[in-house]
Amino acid sequence: MAFVIINGGGFRDDHVEIKGGRLTFGRSLDCDVILRDEDVSSRHAQIIRNQNVYWLQDLGSTNGTWIKDSKVLQQALETGDQMVIGKYKITFSDSEGFVQTRDAATVEDIRRSLHDQLISELNLKRLSMSEMADASLRKKTSDVLDRLLHAKRRDIPREFDLKEIKKAVLDAALGLGPLEDLLSDPEVTEIMVNGPSKIYVERKGRLELSTKSFLSKQEILTAIERVVGPLGRRIDESSPMVDARLADGSRVNAIIPPLALDSPTVTIRKFPDRRFTAQDYLNYRSMTEGMVEFLRFCVLGACNVIISGGTGTGKTTLLNVMSSFIPGGDRIITIEDSAELQLPQEHVVRLETRPPNIEGKGEVAIRDLVRNALRMRPNRIVVGECRGGEALDMLQAMNTGHDGSMTTVHANSPPDALRRLENLVLMSGMDLPIKAIRELIFSAVDLIVQISRFPDGSRKITAISEVAEMYEGDILLNELFTFQRTGLTADGRTAGHHTATGIIPSFFEEMKEAGFGIDMAVFVPSEEEQPGA
1485 MAFVIINGGG
1495 FRDDHVEIKG
1505 GRLTFGRSLD
1515 CDVILRDEDV
1525 SSRHAQIIRN
1535 QNVYWLQDLG
1545 STNGTWIKDS
1555 KVLQQALETG
1565 DQMVIGKYKI
1575 TFSDSEGFVQ
1585 TRDAATVEDI
1595 RRSLHDQLIS
1605 ELNLKRLSMS
1615 EMADASLRKK
1625 TSDVLDRLLH
1635 AKRRDIPREF
1645 DLKEIKKAVL
1655 DAALGLGPLE
1665 DLLSDPEVTE
1675 IMVNGPSKIY
1685 VERKGRLELS
1695 TKSFLSKQEI
1705 LTAIERVVGP
1715 LGRRIDESSP
1725 MVDARLADGS
1735 RVNAIIPPLA
1745 LDSPTVTIRK
1755 FPDRRFTAQD
1765 YLNYRSMTEG
1775 MVEFLRFCVL
1785 GACNVIISGG
1795 TGTGKTTLLN
1805 VMSSFIPGGD
1815 RIITIEDSAE
1825 LQLPQEHVVR
1835 LETRPPNIEG
1845 KGEVAIRDLV
1855 RNALRMRPNR
1865 IVVGECRGGE
1875 ALDMLQAMNT
1885 GHDGSMTTVH
1895 ANSPPDALRR
1905 LENLVLMSGM
1915 DLPIKAIREL
1925 IFSAVDLIVQ
1935 ISRFPDGSRK
1945 ITAISEVAEM
1955 YEGDILLNEL
1965 FTFQRTGLTA
1975 DGRTAGHHTA
1985 TGIIPSFFEE
1995 MKEAGFGIDM
2005 AVFVPSEEEQ
2015 PGA
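Note that the working numbering has the sequence shown beginning at 1485, numbered continuously upward.
One thing to keep in mind: the hints can contain errors.
As the list claims (entries may be wrong) - Pairs of lysine-lysine residues, derived as PhoX-like cross-links and limited to a Cα-Cα distance of at most 20 Å, are as follows:
(1) 1651 x 1624
(2) 1701 x 1688
(3) 1688 x 1650
(4) 1573 x 1650
(5) 1552 x 1573
(6) 1623 x 1647
(7) 1624 x 1636
(8) 1624 x 1650
(9) 1573 x 1555
(10) 1555 x 1571
(11) 1636 x 1651
(12) 1696 x 1682
(13) 1651 x 1623
Hints are computed from structural coordinates only; laboratory data are not their basis. In this text the structure is predicted, and so the values were computed from the model without any measurement.
Start from the sequences and build out the full structure, keeping to the hints where you can.
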């Protein structure tokens, strides 16, 4: 068996087996070993076996591949040969008995040593998030760390940045480690931790591998415990999945071994620094002014609305914007798994579900809250997402005097949203025939708003459809607005334009008689090309 031992940049004595006779190195995500360093080329080098001999081959890299201070294009490898690629030291071995001799300490070695000493001296391992915010504790920890750094100064190479090392150790000891910088980065909207050195982020709608890293799997687990502990929740082998939120409202999901096979895994959807408005949708060309006015018209007229979209399309954000159109005099009850809605109205009651306790008791689900909301004299009920039997209660509420209510569902098109609602009602445990379910949906829902995310990361309203009529047991939709995609711009952005279809919604005259007006021009089809955004 042949393998390499990698050190540097998040790796510490990491053994990687050379399977299939080939192992590629580089920054590209399709390499076998991803090396996160600007000095490393996308596809930098490879080890390949030929007639039982392993060869190192440089793949035309910019900064070269080195062995013993010599730049190598191609060279046969022997056990113990150490390659240098950027800041990484990679030792080759085709002997299981090989033991690597350690070189000078890496930044990770120093961070780990300082962190262990700090934890030992101050017993910081079990701190909760609230305790970590204590200013006196942070100063005390900083002073102890300064002393430890001074004692280690001779062992730290001069080229290492002591300020960066200190910050990294403090973040790990008193915060969420490398996640602290990512959480404070305004361009990062989502953080995905797949392992200590595999932290992915979403920036401007696109995924990329971050340069940040945890020191170990245990450090990831400690960060998870710090998030869930103050909320009265736990994560361990008997309860290896948890949903939680940070103090700023960011949503956190964590799953650990044995369910996550390789490492504790964390996904954080960041809470926006400010509430999105309809103007933001116009600025990003996610919809037109006519569409905004039509949605405002529907909310003011108390239409029941379903927002449909896939994961990460921005359903909750759109729900928040549409909910802001509700008149200030209405009593609004919001119901969510994790409180994210930020409504500007004063008369708002916010309800949030509760998971079961350690003994498996005390759970309060969305369905329980929807039922309770009906006893709270609401004018509008806004449910963050219907994903189970609560869909039946929501539809019944829409049918019993709570017009103008809204919720979201996971679906890829308005017709799919109808089918999704049917399936969710069936999950309620009520033995209802499909015909009865469809009649319930038809009488309850007025409008379906579809939002989609495109490969370039942009999010757009792709359809606004009216629930029009029942025909031979099926619900028919009228598409009122649509997004017509025409391709890509020169810089790879989605090109196309929004247009009305020319269909006037059937409820238009009724709402007009009730005093809700809108310019008929919004229903006129448009041919105007809309550049990518």
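Okay, the hints, checked on the actual structure:
1. 1651 x 1624: holds, 14 Å
2. 1701 x 1688: violated, 28 Å
3. 1688 x 1650: violated, 30 Å
4. 1573 x 1650: violated, 24 Å
5. 1552 x 1573: holds, 11 Å
6. 1623 x 1647: Measuring from Cα to Cα gives roughly 15 Å; hence the hint holds.
7. 1624 x 1636: Holds - the C-alpha atoms of residue 1636 and residue 1624 are around 19 Å apart, at most 20 Å.
8. 1624 x 1650: holds, 14 Å
9. 1573 x 1555: holds, 14 Å
10. 1555 x 1571: With a Cα-Cα distance of about 15 Å, the restraint between residue 1555 and residue 1571 holds, given a limit of 20 Å.
11. 1636 x 1651: Given pair residue 1636, residue 1651 holds - Cα atoms ~16 Å apart, limit 20 Å.
12. 1696 x 1682: With a Cα-Cα distance of about 8 Å, the restraint between residue 1696 and residue 1682 holds, given a limit of 20 Å.
13. 1651 x 1623: holds, 13 Å
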